[in-house]
Amino acid sequence: MTRMTFLALTVLLTVVPPSFAQEMTVEELVAVALQRSPDLQAARAEIAIAAGRVTQAGVRPNPVVAAGHGHGAMDMKTTTVGVEWPLALHRRPGRVAVARGEADIVSLSVRDGERLLASTVRAQAGRLLAAQRTFDIASEALAAARRLRDLLDRRVSEGGSTTLDANLAAVEALRLEADVALATGGVQASTIELRALAGLPAGAPLALRDSLEGLAATPVLPRLTVAAALEARPDIRAAIARIGVADARIDAARREGRMDLTLAAGYARSNVGFDLFAFDHRGARAPIQDIFHSVTVGAKLTMPWFDRHQGTIAAAQAERAGADTLVTARQLTARAEIDAALARERETRRAVELYAGEVRTLARQNVEVMLEAYDLGRFPLSDVLAEQRRYLDVEAGYTDVLMRAYEARTAVANAFGEVP
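Heads up: the sequence shown is residues 1 to 420, going by my numbering.
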């Protein structure tokens with residue numbers, strides 16, 4: 001066998017992924033998603049709604065104005081105007097406290113949604129990078145297999161090689177062509193899903209500047225300590241805010257159960273007359289009729305003899321107990337997420353180092369030895385192709401390990417509540 005065949009086969013050992021169109025990094029894409037995501041935009045509208053409720057809770061009650069006009073017997077006419085002004089002596093501060101607490105929960109929920117979206121986008125970006133690496137490896141292997149097939153076809157026609165070797169090379173090329181087709185579908189599907197997560201329109205160009213190897217090799221350096229992360233995570237803060245809302249509802253219900261006062265004032269003009277005549281002070285005949293004016297001032301006092309909002313208070317107290325339990329549960333979950341993510345990241349980084357060093361190096365050396373032996377006629381081509389498949393399996397395993405390492409990094413960022 002010639003050295004040309006040997007060189008054609010060794011192309012499989014130098015799988016260097018070609019660079020894709022470089023447009024943005026993963027973190028830049030996360031920033032785009034946080035700005036453009038329709039789900040987040042809809043959630044942010046809830047913040048404005050909650051702010052409006054806070055404003056409404058602080059508004060004083062309107063006065064009630066009533067007016068009337070009536071005709072009575074014997075041409076009696078009465079016009080009345082009355083005003084009632086509820087003072088709401090104790091209720092407004094309670095309503096405002098509840099509305100503000102609910103607004104805080106909405107704001108923190110949106111912040112937690114941003115944390116989860118950032119984690120989801122990072123994870124999907126990792127899947128796209130892994131799919132791209134798989135596609136690159138399969139494409140490079142297919143190109144080398146086609147060159148080998150063409151070379152052996154020419155040698156068969158020249159009588160320098162067997163038909164079996166040419167057929168084996170053709171089968172290998174077809175197998176790798178199927179792998180490339182599958183990898184192409186994986187890249188396209190991952191791109192479509194990532195584009196949707198980022199809020200980009202269908203068909204918009206999307207390419208990542210990062211590589212899976214580069215991201216997996218970057219050391220994890222959380223900005224916060226574990227204790228600080230447990231205090232800063234928005235899902236935990238939202239749970240704590242629910243305790244404050246429950247306390248505010250208890251206070252508001254108690255305020256609703258207190259006495260309240262409504263001021264009232266009225267004016268009445270009565271035109272009273274009879275279908276009779278009498279004599280006035282001059283002795284002349286005059287109808288019996290006169291106009292009377294009256295002003296009333298009073299107050300209405302609401303007495304909480306029966307309804308003191310006992311049921312509302314009991315419900316709010318039960319809500320507070322549930323909020324206490326929710327805080328504990330979320331703190332335990334968050335601490336477990338942090339510890340598990342750090343442990344997984346540590347071990348996956350070690351696995352990446354093993355693959356990048358000894359595993360891939362030994363696999364490459366094995367193929368080189370098999371190629372040299374085949375060049376000397378010691379092994380059939382089928383053994384060489386089998387060893388090359390094992391090498392490609394190692395590369396696929398390396399991609400899987402890189403993906404696991406990247407997912408572990410993403411889990412650490414999510415557990416620590418990091419959002420760009």
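No wet-lab data here; the hints were simulated from the structure. Just to be clear, a hint being listed does not mean it is correct.
Restraint ranges, calculated between C-beta atoms of paired labels, are given here [as the list claims (entries may be wrong)]:
no.	residue 1	residue 2	range
1	His90	Glu27	48 to 58 Å
2	Ala181	Leu332	44 to 54 Å
3	Ala329	Glu358	39 to 49 Å
For every residue, glycine included, the Cβ atom is placed at its ideal position computed from N, Cα and C.
Hints and how they fare:
1. His90 with Glu27: 48 to 58 Å: 51 Å, holds
2. Ala181 with Leu332: 44 to 54 Å: 46 Å, holds
3. Ala329 with Glu358: 39 to 49 Å: Cβ of Ala329 to Cβ of Glu358: about 43 Å, so the range 39 to 49 Å holds.
The structure shown violates none of the earlier numbered hints.
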